[in-house]
Amino acid sequence: MLKRSLALAVGLTLSFSALLAQAADTLKVSAIPDEAPTELLRKFKPLGAYLEQQTGMKVEFIPVSDYPAVVEALATDRIDLAWLGGFTFVQARLKTGNAIPLVQREQDAQFTSKFITADPAVKSLADLKGKTFAFGSVSSTSGSLMPRYFMLQDGIKPESYFSRVGYSGAHDATVAWVQAGKVDAGVLNASVWEKLVAAGKVDTAKVKVFATTPAYFDYNWTVRGTLDPALAAKIKAAFLALDPANPKDKEILDLQAASRFIETKPENYKGIEEAARAAELLK
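Numbering (mature numbering (1 follows the signal peptide of the UniProt record, and there is no 0)), first residue to last: -23 to -1, 1 to 260.
Think of the hints as simulated: they come from the structure by calculation, not from any bench. A portion of the hints provided could be inaccurate.
What the hints assert, rightly or not - Below, computed lysine-lysine pairings styled on DSS-like, alpha-carbon distance capped at 25 Å: (1) K211 with K5; (2) K172 with K211; (3) K211 with K178.
Said to hold, decoys possible - Restraint-style ranges between C-beta atoms, simulated for each label pair: (4) L71 with D226: 32 to 40 Å; (5) T15 with P221: 36 to 44 Å; (6) G33 with S101: 48 to 56 Å; (7) L208 with A98: 35 to 43 Å; (8) D54 with K242: 21 to 29 Å; (9) K247 with P221: 38 to 46 Å; (10) A182 with A26: 22 to 30 Å; (11) P40 with D2: 42 to 50 Å; (12) G158 with A222: 17 to 25 Å; (13) E37 with D231: 45 to 53 Å.
Remember, it's a predicted structure, so these values are computed and weren't measured experimentally. Where a beta carbon is used, it is the ideal one built from N, C-alpha and C, also for glycine.
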């Protein structure tokens, strides 16, 4: 009986050790849900396969329901790598104290948001006083925080300037709201706007851009601060090695709407932190 108990205990210990080893060999990746879940997964699949090849690890994409869930998952070490907006990175950095931004797309150093409308009478924000308006997610850098910050700088407080302010939850949803006449205007990030137009998913005879924000830093790939530094360096090198002259790499870059990836650092996002505090979105 004692031998059987010992054998069972040893077997359970080995099984648990195998589970831990399997978990350690899996790179867990997530992203802010700024587009539909199916689109996020479609964009990630070739990148995930590439990261598996470069790291020698299994790569698992873990979708989340909202922006705060990504921050929480990084803070509790449930994911290793995440695609974050500038504001989400600031929140993650403040919550964890050690989240590390590795790389950003070249255009993320000079990112903009687009104001759109289906009302031909709207030529500027001045024409929207008393009308309805949509942001994306409350936690979106390009779909909420930075457009709000620039509006406040121009003396426009959205909640008192517009008759109603809504939050669509995602950039593509904002376009759908504007196109369907659910709101008079909205704002979304320039990259998603350009992608939707190129894919023919916007009726550009109806919906138009009437204003563009000044440039700011935005998206990046961030790792949790407790990740093995050697692995973090390997992931960073993998992103930086993507070459648009290589057809396979170009497929990955195109899906990420990137010309190439460049290094980034926490200091690049100080302006976003200041904007968030000015907009009273950080305590």
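Does the Cβ-Cβ separation between G158 and A222 fall within 17 to 25 Å? violated (44 Å)
Mind checking the hinted window 35 to 43 Å against the Cβ distance between L208 and A98? For L208 and A98 the Cβ distance comes to about 55 Å; the hint is violated.
Taking the Cβ atom of T15 and the Cβ atom of P221, is their distance within the range 36 to 44 Å? This hint is violated: roughly 26 Å between Cβ atoms.
CB of L71 to CB of D226, is that within 32 to 40 Å? Holds, at about 34 Å.
Can you confirm whether the C-alpha distance between K211 and K178 stays at or below 25 Å? Cα-Cα ~37 Å, so violated.
Is it true that the CA of K211 sits at most 25 Å from the CA of K5? holds (15 Å)
Is 22 to 30 Å a correct range for the gap between the Cβ atoms of A182 and A26? violated (39 Å)
Starting from the hint 38 to 46 Å, judge whether the C-beta atoms of K247 and P221 obey it. Violated: the Cβ-Cβ distance is about 30 Å, outside 38 to 46 Å.
Hinted pair, alpha-carbon criterion (25 Å max): K172, K211. Please report holds or violated. Violated: K172 and K211 sit about 30 Å apart, past 25 Å.
Take the C-beta atom of E37 and the C-beta atom of D231, compute their distance, and say whether it sits inside 45 to 53 Å. 23 Å Cβ-Cβ, so the 45 to 53 Å window is violated.
Holds or violated: the 42 to 50 Å window for the beta-carbon distance between P40 and D2? Once the Cβ atoms are compared, 21 Å apart, the range 42 to 50 Å for D2 and P40 is violated.
Do the Cβ positions of D54 and K242 conform to the proposed distance bound of 21 to 29 Å? holds (22 Å)
The structure does not agree with the numbered hints 2, 3, 5, 7, 9, 10, 11, 12, 13 stated previously, though it agrees with the rest.
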